[in-house]
Structure formats: C-alpha cells, structure tokens
Amino acid sequence: MRSDDPKLVHEQYETEDGLAARASLYLHSAGGMDARDVVVDELRRIAPERVLEVGCGWGELAERISVELGCDVVALDTSARMVELATERGVDALVGDVQELPFADGSFDAAVAAWMLYHVPDLDRGLAELARVLRPGGALVAVTNGANDFEELWSLVGRDISERALTFRVENGEEHLRRHFATVERRDFATPVSFPDSETMRRYVGSSELGRSLLENVPEFT
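Going by numbering that gives the first Met the number 0, the sequence shown opens with residue 0, and the numbers climb by one from there.
These are computed hints drawn from the structure, not numbers from a lab.
We put the CB at the ideal spot given by N, CA and C, even for glycine.
One thing to keep in mind: the hints can contain errors.
Claimed, not checked - Computed beta-carbon distance windows for the label pairs:
#1 I45 with R211: 36 to 42 Å
#2 L155 with P120: 26 to 32 Å
#3 P218 with R186: 30 to 36 Å
#4 M32 with E83: 28 to 34 Å
#5 E198 with G105: 45 to 51 Å
#6 A127 with E48: 20 to 26 Å
#7 D121 with D196: 38 to 44 Å
Construct the entire structure; sequences and hints are all you get.
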C-alpha cells in the first residue's frame with residue numbers, strides 16, 4: 000500500500016494513537032540531530048512574519064514555531080481530530096488539503112511540510128499550491144525520510160521495505176521540489192533511534208494497518 004493512499008492516510012491519522020506511537024520512538028533517540036530543531040533554525044534564518052504548516056498533526060511543531068519565533072502560524076491538516084488537538088494547544092488550525100489551499104496568493108512568508116508530502120496523492124499539485132501561497136522570496140521547509148529508513152526493523156519483522164513506496168523521499172525530494180521552486184537547498188542528517196523493549200517495538204510496528212499484520216514477528220526482549 001502506497002504512502003499517498005487516501006485510505007491509508009485516513010486510517011493512520013483519524014485518531015492520535017498511531018502518531019503517538021511513532022513519535023514516542025524518538026524519545027529513545029541515540030543522538031544525532033532533531034529534525035524539528037533544524038526546521039526552527041531554518042525558519043529563524045528566514046525571519047518570517049507569517050508561517051503555514053501543512054500536515055500539522057497535533058500542532059506541537061506549529062506551537063513551537065509560534066512561541067520561539069514570535070510569528071503568526073496557521074496550521075492545516077486533513078484530520079479533524081488532529082486539528083482539534085492542535086487547537087487545544089492554542090494553534091490557529093483548520094481542516095484542509097494541501098492540494099487545494101484556502102488562501103490567497105502570497106499569503107505566507109514561509110511554509111513547513113514535515114513528514115507529510117509523501118502522503119499527498121497529487122504531489123505536484125500540492126507543491127504548486129504551496130508555491131502559490133508563498134510571497135515572492137518566500138521559502139518552503141520540507142522534511143522527509145529516506146527509502147531505507149528503519150531497514151533493520153522491517154527486515155526483522157519480515158516486511159519488504161519497497162512496500163513503503165514513499166513518493167517524496169530523500170532520494171527524489173530535490174527533483175520534485177525543483178519543478179516548483181527556483182532554488183532548492185538540501186540538508187541530510189540522521190537521528191539514530193533504538194527500541195528499549197519489545198513493547199515499544201510493537202507499538203511502532205502496529206501503528207499502521209500494514210504493520211499490524213506483522214506484530215507476531217516482533218521478538219521478545221527487554
């Protein structure tokens with residue numbers, strides 16, 4: 000099942016449970032850079048007054064951007080539950096689709112798309128919309144994963160990593176972005192993570208429909 004399948008995306012984000020399981024893994028980071036720190040640092044360099052975050056999830060990053068940079072942030076997600084959670088944080092959030100943004104041309108100084116562009120069915124349309132709502136000279140900060148991320152985990156539980164089929168990934172993201180943005184800067188970094196016990200691994204593997212079929216393959220360890 001492809002990562003941009005609308006059914007898969009709806010299933011993964013209808014509630015916060017799956018996202019919480021995936022996000023909690025990074026509590027066990029073994030060093031390296033935190034992508035959220037990189038996003039905030041890039042935005043600080045841009046010094047925007049108004050920022051759009053698409054695929055905002057529960058609003059943690061949008062809230063941080065607003066607090067640390069003192070700028071206006073508008074957050075958008077296709078999941079009503081995620082928007083509800085973001086709003087509870089005080090984030091100006093609304094339900095919407097990056098493929099059809101409800102904003103006028105040039106409405107934002109910067110946009111953030113963190114770990115979400117591989118969920119967009121029509122990626123070119125989504126990127127074109129992001130370019131449209133940015134002012135001249137505005138910037139998009141996009142974050143994605145590599146095709147072989149978590150290769151050791153998926154090999155352990157018997158999942159073919161080609162099944163992930165990320166449409167927007169480290170290996171091709173620059174190519175996609177150059178079709179819509181004149182200047183593209185790429186930054187590669189790694190955040191090693193570890194599973195402290197089998198229960199943490201089960202929560203991560205079982206956070207998607209496809210992974211749940213592999214739960215019996217998770218070994219017992221503490």
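Can you name, in rising order, the numbers of the hints this structure does not satisfy? Violated hints: none at all, because every hint is consistent with the structure.
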